[in-house]
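Now for the letters of each chain:
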Amino acid sequence: MTNTQTPAVRTRPAAPLAVARRPSARERGTRLLAALFLAPTIVGIVVFTVVPIAGSVVLSLFHWNVIDSPSFAGDANYREVFGDSTVLVSFRNTLVFMVFAVALQLLIALVLALAVNGRMPVWLRSVFRSAFFFPLVLSAASISVVMKYLFNQDFGVVNWLLGLIGIAPVPWLTSENSAMAAVILVYVWQQFGFSFLLFVGGLNNIPKEIHEAAALDGATGLRKHLTVTLPLLSPTLLVASVVGIINALQVFEQPYVLTNGGPGDSTRTAVMVIYEKAFEQLRFGEASAVGVLLFVLIMAVTALQFRLSRRFVHYQ
Amino acid sequence: MTDSHLSRRTLLRYGAYGAGAAALAGTAASWERLTGADIPGRDDGSLVVATLGSAFDQAAVRSLSEGFRKLHPGIRLRINAVQAVDWSDFFAKILTQIAAGTAPDLVYVATEGVQLFAQRLGVPLDRWVKRDGAELREYFADVHPSLVESMMYEGSLYQLPVEFNAADMYLNKQVLKRAGADFPAADWTRDDFTALLRDMKRSSGSHFTPYFWTNRLWGGVVPWLFANGTNLLAESKAPGGSWLWDTFYPAAQRRGRGGGFRWTTPQATDIRVAEAYDYLASLIQEDLCTRPEGGNGSNLVGVFSTGRVGVTPAGGFWAGGLHLAGMRPSGYDVQYFPRWRTQRHQFGAAGYALLRTSKKQDEAWEFIKYSARRDTLTQLFKGNQTTPARRSMLTGTRYQETGPAHWQVFYDTLDKFPDTGPIPAPPQVAEVEQVLLKHTGTALASPRAVRPALRRMQGDLEKAMERDV
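Protein sequence lines, in the order shown, are assigned to chains A and B.
Read left to right, the first sequence gives residues 1 to 316 (full-length UniProt numbering).
Read left to right, the second sequence gives residues 1 to 469 (full-length UniProt numbering).
For reference, chain A alone in the conformation it holds in the complex (with noise of 0.2 Å):
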């Protein structure tokens, strides 16, 4: 007789393969229209960016003059670098100039910002938007050039006029005291813009309704910026300073054109330390390791604003 029961023990049901869906062939052609989309992006990405990164990366390892065959270096080019005190100067330099010159970069343009979004007339504020802007359209070598003449000790506009009320000539240019300063002012003056324009917008985001609940409660004036128009303005404030630190710590035209790194080292940057070292003295290697140092610098400080903005940024 045949057994028809069930048996006692019985293996589990093997599980249906996860066989996955084919695409259908619309899904295929949006797929690759999106690929196609992509595609000049990433490429200009990884052709510009990514490449170049990692060619100085390898070439940081290797001693190369241009004219004759890379050799290995290994380590070399990194420790004759951190032995170098114009490197570390620079690097110094660097860090000063960001914080100095963000820090003056971001209230300027705050401040002008709020002025700007209070009361005035349409085509005021529209004049007004543009001026502040109008430096960053420009070359910042040109401007070097035309503030190397305003600022010159004997001859420049800035001491004529300062001379008029009675100031001393100031050596702008030409004292380690000063010549950072001047830079910074106008790094400054040309770069505001940006910073300037993203407060406008950040500031027309900010709901209307906010401020009158705040007036009612009693907040005005410098207290009403304080406790409400910052702290929404705080994703801006991020994205402002994040693009604005970056942009310092590769400044190059505004000391290379003014000062050409002096009095001294007193002005020297980190990326004319690049220039000077690949193009003038045929080290490629050293300034590649001077360019992977400073990559790595910016990224550790980006990296930290935005660990920070975890506590200080606030979204609506």
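It should be emphasised that the hints constitute simulated quantities derived from the structure, not laboratory data.
A virtual CB, placed ideally from N, CA and C, is assigned to each residue, including glycine.
You may find that some hints are simply not true.
[Claimed, not checked] Computed Cβ-Cβ distance ranges for the label pairs, DEER-style:
#1 A/Val-47 to B/Ala-59: 38 to 44 Å
#2 A/Ala-131 to B/Asp-89: 29 to 35 Å
#3 B/Thr-96 to A/Leu-136: 25 to 31 Å
#4 B/Met-393 to A/Ala-131: 49 to 55 Å
#5 A/Val-301 to B/Lys-177: 56 to 62 Å
#6 B/Thr-10 to A/Asn-247: 44 to 50 Å
#7 A/Ala-300 to B/Asp-192: 55 to 61 Å
#8 B/Gly-459 to A/Phe-37: 54 to 60 Å
#9 A/Arg-310 to B/Leu-12: 43 to 49 Å
#10 A/Val-47 to B/Gly-15: 27 to 33 Å
Go by the hints and put chain B onto chain A.
Showing chain B alone in chain A's frame:
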């Protein structure tokens, strides 16, 4: 648990990817390095000559090309005028072209780069000079041996000088008149110079600087070092070169000549170097001269021509510059650099260097000879934007329109002061110049800063000179 088995199809796909990548890597590795010259149409077979863009105007470049084509119709010529603010910037751009694999055949190189190019990139011209000696005899007879010697490196000649500029003193005659001062004598001294600056300052008010100078290798501190009988780097002569001197120069002119200059041991802490810096620091303290400003002195023409500067060191190139700025020949004049311990002057010269990478070296030599011809230089230097290397070209007619009245000073700086020499420019010149500019800036911040800055300069120069370029 995941299924670790790969399907046959997946295996085949990854295998194909791997094979493709390996083939691509193998192909790339087996190819020679691609360079800019491999771009279709880039290398059209022309003889490529790189010049400093701002040195010659468009019309001059056109006449240079057309004249050569008439003489050598079989050689295609392309003049590549590289825009640059100074020689250092120019060399950086040429080296970028070399790195990109698009090296020119010939490069216009000034003293600043002569030894760097000679050591690493250049071809000695000796065999061609010997071969075409008869043709070149007239050229060498017209060119001062100091200029030729400055283009030699370790016994070989690398360039035929076509222009030079010695640092003489330009004086604004309106300022002289205001100060009630006479035009200085040829043998004026450093003390005469200081007294003149004081007179100028007294008579010209607060928005006036008697002496303006630019912090750079040519015409900065170096002329004062030369005048005080010293140099930034110990100077000597390489052996050799007699093949050239014995062939082209009479005994009187070849005496003391060698195979080119050698600049070796740094001597920034030498007492005479310190004296030169002390002197400049004292002028700054007295408000008689500008603080060391870096750059190419581009704003100087304006302030000199309008009488806000009284004296400045410059070469023959400034005659053309001041004329273009609207200064009348009667408004200024030129005199030798003042005497201190010596009256040795400094100069920089320039000519075409032939690169080792050139595949058209014989054609390039023809261009070098052509570029040194009198008629070529006459066309090229019409505007007095430099001092021609050929003595016979410096005439009253040439300087009639632009001035200065004492135009003879330009070539007499070589003829009357036979020890006049080139600025110190070893193969490590880029770093040497950077160190000089950097520490000159700090040394002249105050009189007390001179010696500490010179000690740091010495240390940095020693490091720079130890390096192989």
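Okay, the hints, checked on the actual structure:
1. A/Val-47 to B/Ala-59: 38 to 44 Å: 41 Å, holds
2. A/Ala-131 to B/Asp-89: 29 to 35 Å: Roughly 33 Å apart at Cβ, these two residues keep to the hinted range, so it holds.
3. B/Thr-96 to A/Leu-136: 25 to 31 Å: Given about 28 Å between the Cβ atoms, the range holds.
4. B/Met-393 to A/Ala-131: 49 to 55 Å: 53 Å, holds
5. A/Val-301 to B/Lys-177: 56 to 62 Å: 60 Å, holds
6. B/Thr-10 to A/Asn-247: 44 to 50 Å: 47 Å, holds
7. A/Ala-300 to B/Asp-192: 55 to 61 Å: 60 Å, holds
8. B/Gly-459 to A/Phe-37: 54 to 60 Å: 58 Å, holds
9. A/Arg-310 to B/Leu-12: 43 to 49 Å: 48 Å Cβ-Cβ, so the 43 to 49 Å window holds.
10. A/Val-47 to B/Gly-15: 27 to 33 Å: For A/Val-47 and B/Gly-15 the Cβ distance comes to about 28 Å; the hint holds.
Hint violations for this structure: none, all hints satisfied.
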